[in-house]
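Protein chains: 2
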Amino acid sequence: MIKNLIFINVLIKLFVLLVKNLVGLEYSDKLYKKYATLSRQVNENFINIHPIQRGGVLTPEAQKVLLEYGDGYSLCDNCLKGRIDLIKNPPIDEFLIDFAKFIDMDNAMPTGAARDAKRMAITALKERFPERKTVIIDSLAHYSTYLAIELNKLKIKEVPNSGDTYFEINPEDYRTKIEEVKKEEGVTPLLVLLTHVDYQYGNYNDPKPIGDISKEYDVPFLLNAAYSAGILPVFGRELGVDLLSCSGHKSMAASGPIGMLGFSDEFVDNILVPSKIHGDLTDRSFSGKFCNFLGCPPVYGAPMMTLMASFPSVVKRTQKNVVEDEQKKINFVVEEISKIKGIEVLGKLPKIHPLTHIKTESFNEVAKSHKRRGFFVRDEFKKRGILGMAPGISKNMKFNTYGLTWDQVKTFANAFLDIAEKYDLL
Amino acid sequence: MIKNLIFINVLIKLFVLLVKNLVGLEYSDKLYKKYATLSRQVNENFINIHPIQRGGVLTPEAQKVLLEYGDGYSLCDNCLKGRIDLIKNPPIDEFLIDFAKFIDMDNAMPTGAARDAKRMAITALKERFPERKTVIIDSLAHYSTYLAIELNKLKIKEVPNSGDTYFEINPEDYRTKIEEVKKEEGVTPLLVLLTHVDYQYGNYNDPKPIGDISKEYDVPFLLNAAYSAGILPVFGRELGVDLLSCSGHKSMAASGPIGMLGFSDEFVDNILVPSKIHGDLTDRSFSGKFCNFLGCPPVYGAPMMTLMASFPSVVKRTQKNVVEDEQKKINFVVEEISKIKGIEVLGKLPKIHPLTHIKTESFNEVAKSHKRRGFFVRDEFKKRGILGMAPGISKNMKFNTYGLTWDQVKTFANAFLDIAEKYDLL
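Chains A and B, in that order, give the protein sequences.
Its first residue numbered 1, the first sequence is counted upward by one per residue in my numbering.
Its first residue numbered 427, the second sequence is counted upward by one per residue in my numbering.
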């Protein structure tokens, strides 16, 4: 019996090994059907309130260039010097100057994403200040902020937040933390980092007082504006920001992935580091390429062109009137759904940024006896033409009304109330 | 006089300072016109022979999903676990298994680009073998290979090539270089790297003998297949490859940027490193995210979806009959243009990969007395409906016939001959 089992086991292992070692993959109709006919279910028939998608919805101008510049390296048509930031046709060189003005920084360079911008900025500072070991961050920072610090083998020190239900940051706590680092390590922290608008509660934090504190201690200040730049006005220098990370696909109506790193003149030599390596045999060298960007930032076609095509609209939508209208929309929704029993809005109110997180205890109660369990929430909204809820979750919900029309916003709020009525929660 | 000059100088400086410090950027019709109406001049009215664009031209299937998945984070519609490689709808999880089969590697993960795949692989190996300091590369390696090594603060050792005109690599030189490193450093090199098809001459190098040598010395072997995987058959394990970098926008009909890193089971724990950082105050942690990928590989919409939609066609086009037909096309062009005086094909012949580099000494002679100087080459081709030449260059030329129809290939070759005839070079 045991012998038989061992034999069968060996056979199975041999079979797995055999299958694993079949070389290559054959073309088949099945393969074609599986991948070549994929299509997205989320389309213009639905109102999409996905929390991280609203700011990245393309403008009509971006959709146009998306097709024209969809091919891999389409931005290289007229590249003369092998570097994207120097391309004149289309005018990427001028765009980077205009973009820097837009975010009120001295310089701007494209990156793979906002997370890459953070990673690169931290690496650059570490090279400049090798004796400094700690990065101070707000405790609501994006997970990729933690990972960028980990990847750079640095220590983290979190600034507390007030917890449930407002999750507020007290800027003065940054001072306390800087003092702690000075005491513990004998040097200032490497960097002070603030998440302008956080991804958990959509809380807006004023960078100015933290900018002032960081200046006082002469510590560089990085503002992660992945959720804000392109949605709210962001003026880096005015806020005392030294380094600023932005996201095209998150907040600037660009096809991903593209980030932007804004930086002050003081850090130019640390961010734009020309390659110094020489081939030991050939003496090949690449002094025209930036080492930390691996030569060219990887945004060769669709990402860069959609960002540029959307840019005028993005400049426009960060003006006071549009920003205020967007705030009215989200605060209208917040007010409407507050009528529902067992729903609580987390984070600061009134909303400044439309990313919103709510606790839906009453939905969770319904889910317990619903045959579709937690999926009933998504089902009910989908029936009402609304998509973007996390599947299977009924305890809480994140949504974002950015860029929806007032009609869509009202439909969304009404769907909430309608579902509440159905389950007797009004 | 001098006083006046100083005064004017100060005034100018003040003015520049003032302009630089104007906060923000105003929306204007000019801004709209400048960025929102950009369009690409290279389109279906032209035959595009750009050396690095041919493999990235989208399939019709990719063009379709490009529009549907153009929005920033469109791939996150049905994300359950916050990691792209686990998404089941669309079936990214299965695609990564199919892709690994296609390149004959145990595993595959998307990256920002092939250069990122190389950078990450080298960082991973450095963590595993901290005592090893040197990477051995072929001397025709892509510049980003050099930069990835520089960024990791490692030493480089180049394997020579035979120089003008064939630029051949002798696999046995890898053995010599490994022995040199062992002697000089007392340990084996960190990595042996081969560029499967190089970007300068489009030379194809057989990885098998180098894979065998690297196995003999127990040194990991990375094959940079940025120009080959998707164009030619690449079977990693069969070739003794441990790590394999591929490029979607270069060679797999994907909208950039997207790379792929294939890796053997032996290196899973080095490549897929779960985050270990903990918030010092909140104890927040992210063990479900891969630290070195900063959480999610940045291919959230168009890049991943176009790669998947094109995948069946890419599998098909790397089969023998298509590969051979593409080789016939490029060798036909090579044969035709060899009739022109003062033109010499660089690199090995017959061509295996369609990326081709020619010395055009006779064009350079023409340019000397031409009123458009070096630009005349591009002008003449453009007149004949052909685009993709580097602007202003007449000394040499790089082109690529990949994926052109036979009619287009003949038109291209005839354009060459026609221009040659015009300038009396036949």
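Calculated from the structure, these hints are not laboratory results.
Treat the hints with care, as some may be off.
Unchecked claim - In silico BS3-like pairs for lysine-lysine, Cα to Cα no more than 30 angstroms straight-line:
1. A/K88 <-> B/K581
2. B/K581 <-> A/K81
3. B/K459 <-> A/K320
4. A/K328 <-> A/K410
5. A/K101 <-> B/K459
6. B/K809 <-> B/K459
7. A/K276 <-> A/K126
8. A/K81 <-> B/K507
9. A/K81 <-> A/K101
Now the hints, each set against the structure:
no. : hint              : verdict
1   : A/K88 <-> B/K581  : violated (35 angstroms)
2   : B/K581 <-> A/K81  : holds (27 angstroms)
3   : B/K459 <-> A/K320 : holds (22 angstroms)
4   : A/K328 <-> A/K410 : holds (12 angstroms)
5   : A/K101 <-> B/K459 : holds (18 angstroms)
6   : B/K809 <-> B/K459 : holds (28 angstroms)
7   : A/K276 <-> A/K126 : holds (18 angstroms)
8   : A/K81 <-> B/K507  : violated (42 angstroms)
9   : A/K81 <-> A/K101  : holds (24 angstroms)
When held up to the earlier numbered hints, the structure conflicts with 1, 8 and fits the remainder.
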